[in-house]
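Spelled out, the chains give:
Protein chains: 2
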Amino acid sequence: MPGIRGLPRFWLLKSGTWLSLVCANTPKTVYIYHMKKLLSVAAFSLAALAAAAQSDDSIFIRRLADEVLTHSTAYENLRVLTKQVGGRLAGSPAMVKAEAWGLKAMQAAGPDKAWLQECMVPHWVRGGRDLLLAERLVSSTGKLNKWSTRYLDVLALGNSVGTNGALRAPIVEVRNFAELEAKKDSLKGKIVFYNYKFNPTFVKTFQSYGDAVVYRGQGPSRAARYGAAGVIVRSMSHSTDNNPHTGSTNYNDSLPKIPAVALGLRDADWLDSTMRTTVVYATMTTGGHFLPDTIGHNVIGELRGSQFPNQYITIGGHLDSWDPAEGAHDDGAGVVQTMEVLRALRALGYKPRHSIRFVLFANEENGTRGGRKYAEEAKAKGEQHILALESDEGGFTPRGFGFTGLEAQYQKMLAWKDLLAPYGTGEIIRGGGGSDISPLAKELNTPLCSFIPDSQRYFDYHHARNDIFENVNKRELELGALNIAALIYLVDKYGL
Amino acid sequence: MPGIRGLPRFWLLKSGTWLSLVCANTPKTVYIYHMKKLLSVAAFSLAALAAAAQSDDSIFIRRLADEVLTHSTAYENLRVLTKQVGGRLAGSPAMVKAEAWGLKAMQAAGPDKAWLQECMVPHWVRGGRDLLLAERLVSSTGKLNKWSTRYLDVLALGNSVGTNGALRAPIVEVRNFAELEAKKDSLKGKIVFYNYKFNPTFVKTFQSYGDAVVYRGQGPSRAARYGAAGVIVRSMSHSTDNNPHTGSTNYNDSLPKIPAVALGLRDADWLDSTMRTTVVYATMTTGGHFLPDTIGHNVIGELRGSQFPNQYITIGGHLDSWDPAEGAHDDGAGVVQTMEVLRALRALGYKPRHSIRFVLFANEENGTRGGRKYAEEAKAKGEQHILALESDEGGFTPRGFGFTGLEAQYQKMLAWKDLLAPYGTGEIIRGGGGSDISPLAKELNTPLCSFIPDSQRYFDYHHARNDIFENVNKRELELGALNIAALIYLVDKYGL
Numbered sequence: 001m002p003g004i005r006g007l008p009r010f011w012l013l014k015s016g017t018w019l020s021l022v023c024a025n026t027p028k029t030v031y032i033y034h035m036k037k038l039l040s041v042a043a044f045s046l047a048a049l050a051a052a053a054q055s056d057d058s059i060f061i062r063r064l065a066d067e068v069l070t071h072s073t074a075y076e077n078l079r080v081l082t083k084q085v086g087g088r089l090a091g092s093p094a095m096v097k098a099e100a101w102g103l104k105a106m107q108a109a110g111p112d113k114a115w116l117q118e119c120m121v122p123h124w125v126r127g128g129r130d131l132l133l134a135e136r137l138v139s140s141t142g143k144l145n146k147w148s149t150r151y152l153d154v155l156a157l158g159n160s161v162g163t164n165g166a167l168r169a170p171i172v173e174v175r176n177f178a179e180l181e182a183k184k185d186s187l188k189g190k191i192v193f194y195n196y197k198f199n200p201t202f203v204k205t206f207q208s209y210g211d212a213v214v215y216r217g218q219g220p221s222r223a224a225r226y227g228a229a230g231v232i233v234r235s236m237s238h239s240t241d242n243n244p245h246t247g248s249t250n251y252n253d254s255l256p257k258i259p260a261v262a263l264g265l266r267d268a269d270w271l272d273s274t275m276r277t278t279v280v281y282a283t284m285t286t287g288g289h290f291l292p293d294t295i296g297h298n299v300i301g302e303l304r305g306s307q308f309p310n311q312y313i314t315i316g317g318h319l320d321s322w323d324p325a326e327g328a329h330d331d332g333a334g335v336v337q338t339m340e341v342l343r344a345l346r347a348l349g350y351k352p353r354h355s356i357r358f359v360l361f362a363n364e365e366n367g368t369r370g371g372r373k374y375a376e377e378a379k380a381k382g383e384q385h386i387l388a389l390e391s392d393e394g395g396f397t398p399r400g401f402g403f404t405g406l407e408a409q410y411q412k413m414l415a416w417k418d419l420l421a422p423y424g425t426g427e428i429i430r431g432g433g434g435s436d437i438s439p440l441a442k443e444l445n446t447p448l449c450s451f452i453p454d455s456q457r458y459f460d461y462h463h464a465r466n467d468i469f470e471n472v473n474k475r476e477l478e479l480g481a482l483n484i485a486a487l488i489y490l491v492d493k494y495g496l
Numbered sequence: 001m002p003g004i005r006g007l008p009r010f011w012l013l014k015s016g017t018w019l020s021l022v023c024a025n026t027p028k029t030v031y032i033y034h035m036k037k038l039l040s041v042a043a044f045s046l047a048a049l050a051a052a053a054q055s056d057d058s059i060f061i062r063r064l065a066d067e068v069l070t071h072s073t074a075y076e077n078l079r080v081l082t083k084q085v086g087g088r089l090a091g092s093p094a095m096v097k098a099e100a101w102g103l104k105a106m107q108a109a110g111p112d113k114a115w116l117q118e119c120m121v122p123h124w125v126r127g128g129r130d131l132l133l134a135e136r137l138v139s140s141t142g143k144l145n146k147w148s149t150r151y152l153d154v155l156a157l158g159n160s161v162g163t164n165g166a167l168r169a170p171i172v173e174v175r176n177f178a179e180l181e182a183k184k185d186s187l188k189g190k191i192v193f194y195n196y197k198f199n200p201t202f203v204k205t206f207q208s209y210g211d212a213v214v215y216r217g218q219g220p221s222r223a224a225r226y227g228a229a230g231v232i233v234r235s236m237s238h239s240t241d242n243n244p245h246t247g248s249t250n251y252n253d254s255l256p257k258i259p260a261v262a263l264g265l266r267d268a269d270w271l272d273s274t275m276r277t278t279v280v281y282a283t284m285t286t287g288g289h290f291l292p293d294t295i296g297h298n299v300i301g302e303l304r305g306s307q308f309p310n311q312y313i314t315i316g317g318h319l320d321s322w323d324p325a326e327g328a329h330d331d332g333a334g335v336v337q338t339m340e341v342l343r344a345l346r347a348l349g350y351k352p353r354h355s356i357r358f359v360l361f362a363n364e365e366n367g368t369r370g371g372r373k374y375a376e377e378a379k380a381k382g383e384q385h386i387l388a389l390e391s392d393e394g395g396f397t398p399r400g401f402g403f404t405g406l407e408a409q410y411q412k413m414l415a416w417k418d419l420l421a422p423y424g425t426g427e428i429i430r431g432g433g434g435s436d437i438s439p440l441a442k443e444l445n446t447p448l449c450s451f452i453p454d455s456q457r458y459f460d461y462h463h464a465r466n467d468i469f470e471n472v473n474k475r476e477l478e479l480g481a482l483n484i485a486a487l488i489y490l491v492d493k494y495g496l
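Those sequence lines, one after another, are chains A and B.
With the working numbering, the residue at position 8 of the first sequence is 8, and numbering never jumps.
With the working numbering, the residue at position 311 of the second sequence is 311, and numbering never jumps.
These aren't lab readings, by the way, just hints derived from the structure by calculation.
It is possible that some hints are incorrect.
Same chains, same names: a pair is fine if it fits in one copy or spans any two.
Unchecked claim - Listed next, the in silico DMTMM-like pairs over lysine to aspartate or glutamate satisfying Cα-Cα at most 20 Å (straight line):
id	residue 1	residue 2
1	Lys204	Asp418
2	Lys188	Asp241
3	Lys204	Glu427
4	Lys379	Glu135
5	Lys204	Asp66
6	Lys257	Glu376
7	Lys351	Glu427
8	Lys417	Glu427
9	Lys442	Glu377
10	Lys83	Asp241
11	Lys188	Glu302
12	Lys197	Glu67
13	Lys351	Glu76
14	Lys197	Asp66
Note that the structure is a prediction, hence the values are computed from the model and not measured.
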């Protein structure tokens, strides 16, 4: 029986293979005795090895944490991106500026190589200031005969057509699609106001978003089907302010395209309450339109793997943002965290086993062309991608990771929970991904992971003017980066 | 063997008592057979009962959540407290206003009774604006002979004596107490600048606070021991702004009391960097002093227990705050959450088994007289307190509860983890309490619990001018209240 004393080498082989090494000529009882002994020693030693590995991992992750919490450049990078580049919608001059900044910042983080990956991107422009003037009939000398006007705070939805001058029409309020259907015969020429509330009873706000966002996505075309001339959508947010929240709408190409705006919550409540007692007309003025597609780029940094150079781990966020804000949480945070993971691994002299790609994706907001290009090229080159992770839920305090992949892979991630929990990401849940990495799953069946920060404040800023640098907390941003770095380290070390 | 079919009544008795009901005359094998059968059915049925109980609890907690997330008055209460009362240090006119508001707000939340509990409180006043003028020698025509001045942003530490006019002296910088000791012979008549950094590598910021706060607490007296004339303390914060953070200092009565101020972080870094190249004098002007003790009050609401009226559960926060801010996170949040728990339980028609007290404590910040009074009176009346919980770590997104008590009690709390985790408080850790409730542990050996919200941003605002209403998020505040309500419900239902 080799190796009862000390650590037998065959214990290092994969499980299932080492038992065959036990001598087959041994009498049964002795065999059983030795088997038991061997098994118990093996179990003990495997446990000891696992504990030692856990301890090594815990030490390395602690070093990552110290590195990020004391020397991170993420916050300063975010300041430059938000304050010197600002909003950076696909196709805009700011996009070009952001890409140039991104490549420089990526190179500064220390990859083995960095490059731009070209892709065509849509080029939607807002075309001026979006306006909505509400006119309501009010009483004068006892009669409902005087028009009172008030500007409501709106932002045209992304991809929306413009009003081509001013569009004046009566408003019809519906609380949901069922009410739209009930009122379908009275919508011709009207402006439909979808006043669907962001559900406060979902604890995780992304659930409220998933629930409400259909009104932004499908609302305009569903109203156009019944002849509506325009659409106003209640903003998808819990915020206590009046900032409208924009975001893409998706027209059904078989129906007329009608202009659509998002309305701030206070104004939405005002409009709702006003319409209970009187008729309200809206005059919408928006100028959204598409220019020809133009050239955009993913910014990519790579650390070459020492053992499995042809197996890739991708982590990323998206470089583009909506135009009215600085895109600080969405997704400046993911962008600078991605580069911080690279910088921190480099600073500790970490040599990855797998190749790791750090990607700032183009055009997530209104086309996902960057994510699609990345996956298409990976497929064309026959690349093997073992995991793709995205950070696109804001730079808030970390809570966990979401995972989509095989059960065995998920169980492997769950086993790392105790290593990650001290840094905030103790919640490893089923279901994860991101717009930019989902094409990888589609093209290459790549397992997907999303970094999950706390969701409570995300939709206070999402696609709104106040998504600015000042609303990102330095430490929360850094903690996100270090948790992602820790997970990437574990995936790289142990595979998935 | 009664009750094999159906649910035998004795399974409802406490564990350990029902086995004695098995007939003692049964032959051993039959006995064992029946025992096994009984045990397995019992185990199954107990599991089913437990599952049913979990399900009932989960439904009730969901109702609590819906109630709080849709009808909470916590945020509006906080607005009124912060904007109409404002900073409310013990002894101040604002304290009196806060108590009157607190009693009214408590009554509105629907207790069986509400009252004020009188206690004497210290009455420290700031006595004017705190100033610190730094003068440094700079070069002029090639010689270090010109004084340049700059005001640094400071706040006198709470309980600090004043400078009695202006105090001008050279500054001596020390990074820690070891350096203070090393420089002890050169401190006479000087102003000591403790530049101890808030450690960024602790993930939980309360650890950094515990590590650094000794400089605020003991720093002045330790410097006075060596003849220093005044003290400047680097603020205990990770913030990126320059707001100084005040807080109590504790003089050693056997040493001279010297004035002490907290310095904003940017100014602290400027001072540190300036002192590397030149000598710096400070002119401190502060006016802190004590007026005679005055009358303050704890505000108490009570729900009377239906089964155990003489067993109390206390939950609370503190009504007082430092003077320069609105005390929104510290501890307006705890105050309004306490009353929200009461309101929500009432709104659902919940009849508690134990008596529950909702307490807005007086004078946490510079004396803890309210907490001491509460415990003294509880002891004098022979009250039995089964748990006291405090919310005094800000109105941030919930993460867990900390507990100090017996291991069996802790295990009982741990068993509720799955019920609480969906709402944010999945981390049930050892070690919990609060300044206001710790006298209960001392006097009555009461188990203590602290509500633990995410700690990353707390010390950005703690004791600083920016601890204002606008920096509290409505949903995070409400989630805190509902998690506390859920835990209190479980403790009330199952005991501890």
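Cross-check of the supplied hints:
Proximity of Lys204 to Asp418 under the C-alpha cut-off of 20 Å is restricted to the inter-copy arrangement: shortest distance 16 Å between copies versus 23 Å within a copy. When the C-alpha separation of Lys188 and Asp241 is checked against a cutoff of 20 Å, the pair qualifies neither within a copy, at 32 Å, nor between copies, at 54 Å. Taking CA atoms no more than 20 Å apart as the test, Lys204 paired with Glu427 passes in both settings, with 13 Å inside one copy and 17 Å between copies. In the homo-oligomer, the alpha carbons of Lys379 and Glu135 never lie at most 20 Å apart, since the shortest distance is 55 Å inside one protomer and 66 Å across protomers.
Taking the shortest Cα distances, Lys204 and Asp66 sit within 20 Å of each other only across copies (13 Å), while inside one copy they are farther apart (30 Å). In this assembly of identical chains, Lys257 and Glu376 lie within 20 Å of each other by CA distance neither inside one copy nor across copies; the values are 30 Å within and 72 Å between. Within a single copy, Lys351 and Glu427 get their C-alpha atoms no closer than 28 Å, and across copies no closer than 34 Å, so neither meets the 20 Å cut-off. Taking identical chains as interchangeable, the C-alpha atoms of Lys417 and Glu427 lie at most 20 Å apart whether they share a chain (8 Å) or sit on different chains (13 Å).
Taking the shortest Cα distances, Lys442 and Glu377 sit within 20 Å of each other inside one copy (13 Å), while across copies they are farther apart (67 Å). Taking CA atoms no more than 20 Å apart as the test, Lys83 paired with Asp241 passes between copies only; the shortest distance there is 17 Å, against 23 Å inside one copy. Taking the closest pair of Cα atoms, Lys188 and Glu302 never come within 20 Å of each other, the shortest separation being 55 Å inside a single copy and 58 Å across copies. When the C-alpha separation of Lys197 and Glu67 is checked against a cutoff of 20 Å, the pair qualifies only between copies, where the shortest distance is 17 Å, while the shortest distance within a copy is 43 Å.
With identical chains, the CA atoms of Lys351 and Glu76 are never at most 20 Å apart, being 26 Å at best within one copy and 53 Å at best between copies. Taking the shortest Cα distances, Lys197 and Asp66 sit within 20 Å of each other only across copies (15 Å), while inside one copy they are farther apart (43 Å).
Of the numbered hints listed earlier, those contradicted by the structure are 2, 4, 6, 7, 11, 13.
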